[in-house]
Amino acid sequence: MNSVGEECNELKRSYDECFNHWFANKFLNGDRNEPCPDLFAKYQSCVKKAIKDKDIELWELERNVLGTEHEKKPPK
Amino acid sequence: MRIRQAEHVFDAPWDLVVRAQFRKYPNEFNNAVEGVDVVERRVDKTGTLYSHRLLSTRWGLPGWATKIIGSNGLGYGSEHSEVNARTKTMEMKTRNLTFCNIITVDEKMTYRPHPEDKNKTVLHQESVVNVQGVPLSSYIEHYVIDNIATNAEKGKKAMVSVMEKIQKESLELQHGAQKTMEEAFQKLHFNERSPF
Numbered sequence: 014m015n016s017v018g019e020e021c022n023e024l025k026r027s028y029d030e031c032f033n034h035w036f037a038n039k040f041l042n043g044d045r046n047e048p049c050p051d052l053f054a055k056y057q058s059c060v061k062k063a064i065k066d067k068d069i070e071l072w073e074l075e076r077n078v079l080g081t082e083h084e085k086k087p088p089k
Numbered sequence: 003m004r005i006r007q008a009e010h011v012f013d014a015p016w017d018l019v020v021r022a023q024f025r026k027y028p029n030e031f032n033n034a035v036e037g038v039d040v041v042e043r044r045v046d047k048t049g050t051l052y053s054h055r056l057l058s059t060r061w062g063l064p065g066w067a068t069k070i071i072g073s074n075g076l077g078y079g080s081e082h083s084e085v086n087a088r089t090k091t092m093e094m095k096t097r098n099l100t101f102c103n104i105i106t107v108d109e110k111m112t113y114r115p116h117p118e119d120k121n122k123t124v125l126h127q128e129s130v131v132n133v134q135g136v137p138l139s140s141y142i143e144h145y146v147i148d149n150i151a152t153n154a155e156k157g158k159k160a161m162v163s164v165m166e167k168i169q170k171e172s173l174e175l176q177h178g179a180q181k182t183m184e185e186a187f188q189k190l191h192f193n194e195r196s197p198f
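Each protein sequence line maps, in turn, to chains A and B.
All residue numbers for the first sequence refer to our numbering, where the first residue is 14 and numbers rise by one.
All residue numbers for the second sequence refer to our numbering, where the first residue is 3 and numbers rise by one.
Okay, chain A solo, but in the shape it has when bound (with noise of 0.2 Å):
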């Protein structure tokens, strides 16, 4: 699977495979640390860039759309 961001592949495989073994031997056993913090640092700073540089307005567009005036209308 890829990254949003083709140069954040590589970071996302090691944290993937960090947190998949997080989450099966440790979180599902009880442990609330966070995973794998240095390996996630590293690669949530490679999306977050990336998806600037995409211009996906992911924070902004999370708000309701239909039934407020951001709601594309049809022409009067």
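A couple of the hints might just be wrong.
[Stated by the list, open to error] Which bits of chain B does chain A cover? Going by a derived footprint, with three or more residues having C-beta under 8 Å, they are:
#, segment
1, 21-32
2, 78-91
3, 138-150
[Stated by the list, open to error] No more than 27 Å apart at the CA atoms, straight line, and that leaves these computed lysine-lysine pairs for DSSO-like:
#, chain 1, residue 1, chain 2, residue 2
4, A, Lys62, B, Lys26
5, A, Lys65, B, Lys26
6, B, Lys26, B, Lys189
7, A, Lys55, B, Lys95
8, B, Lys26, A, Lys39
9, B, Lys95, A, Lys39
10, B, Lys95, A, Lys61
11, B, Lys26, A, Lys55
12, A, Lys39, B, Lys167
13, B, Lys90, B, Lys158
14, A, Lys39, B, Lys170
15, B, Lys95, A, Lys62
16, A, Lys67, B, Lys95
17, A, Lys67, B, Lys26
18, B, Lys120, A, Lys39
19, A, Lys39, B, Lys122
20, B, Lys69, A, Lys67
21, B, Lys69, A, Lys39
22, B, Lys47, A, Lys61
23, B, Lys181, A, Lys39
Hint data in this document are derived by calculation from the structure and do not stem from the laboratory.
Glycine included, each C-beta is placed from N, C-alpha and C at the ideal position.
Given the coordinates of chain A, assemble chain B onto it according to the supplied hints.
Just chain B now, kept in the frame of chain A:
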């Protein structure tokens, strides 16, 4: 607006099902998802794991719909999930980010152990489709809901396939560990017998 609700029972324990949910893509049944990224993740004091993921998909809309909605290019979806290992609940909410001034597809999935059989897991899935501001909106809603139903079937097969893969990995790890131990034991035995 169109709503679809469905329930499905997986013949697998909750722990395995939720592991598979995080590892669902890529799979041979659904080629639409091209990328998955974790944008935020944290564990809170109650032990709940929160994840926010960005999904990149390529919508397979037919020509007539893409002319109405826009280009049939890459679309993005935002997925928020919460998993609690103590209460054994997983809730996942997804919404499209692309074209959401015209169409919103909200999906909520909940995984819980089956109340009568802890080796089974119940999935409850609810989808809400809303199309406004373009012609044939009701028709498009109907098409998208049908598409969701088809994808839900693919999704179940994908989950079963991923769970089988996970179980195979566990077996391989076990065999690998067993083989290493056997070899170590044989070496030890040989050394004991050796006259030197």
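(request) Given the hint that B:Lys95 pairs with A:Lys61, test it: the Cα-Cα distance must not exceed 27 Å. (result) 21 Å, holds
(request) Quickly compare the C-alpha distance for B:Lys120 and A:Lys39 to 27 Å and report which way the hint goes. (result) It holds: about 20 Å lies between the C-alpha atoms, which stays within 27 Å.
(request) Starting from B:Lys26, check that the Cα of B:Lys189 is at most 27 Å away, please. (result) Since the Cα atoms of B:Lys26 and B:Lys189 sit roughly 42 Å apart, the hinted pair is violated (cutoff 27 Å).
(message) What's the verdict on B:Lys26 and A:Lys39, does the C-alpha distance respect the 27 Å limit or exceed it?
(response) 20 Å, holds
(request) Below or equal to 27 Å on CA atoms is what counts here, so check B:Lys47 against A:Lys61. (result) Measuring from Cα to Cα gives roughly 26 Å; hence the hint holds.
(message) Need the status of pair A:Lys67, B:Lys95: alpha-carbon distance at most 27 Å?
(response) 23 Å, holds
(request) Could you grab the alpha-carbon distance between B:Lys90 and B:Lys158 and see if it respects the 27 Å cut-off? (result) 20 Å, holds
(request) Compare the distance between the alpha carbons of A:Lys62 and B:Lys26 with 27 Å, and conclude whether the hinted pair is satisfied. (result) Satisfied, since the Cα-Cα distance of roughly 25 Å is no more than 27 Å.
(message) Please verify whether A:Lys65 and B:Lys26 have alpha carbons no more than 27 Å apart.
(response) 26 Å, holds
(message) Hint check: A:Lys39 vs B:Lys170, CA-CA at most 27 Å. Holds or violated?
(response) 20 Å, holds
(message) Taking beta carbons only, do three or more residues of the segment 138-150 of chain B come closer than 8 Å to chain A?
(response) As far as the segment 138-150 of chain B goes, the hint is violated, because 0 residues have Cβ atoms under 8 Å from chain A.
(message) For a C-alpha distance cap of 27 Å, please report whether B:Lys181 and A:Lys39 respect it.
(response) 25 Å, holds
Hint violations for this structure: numbers 3, 6 and 21, all remaining hints satisfied.
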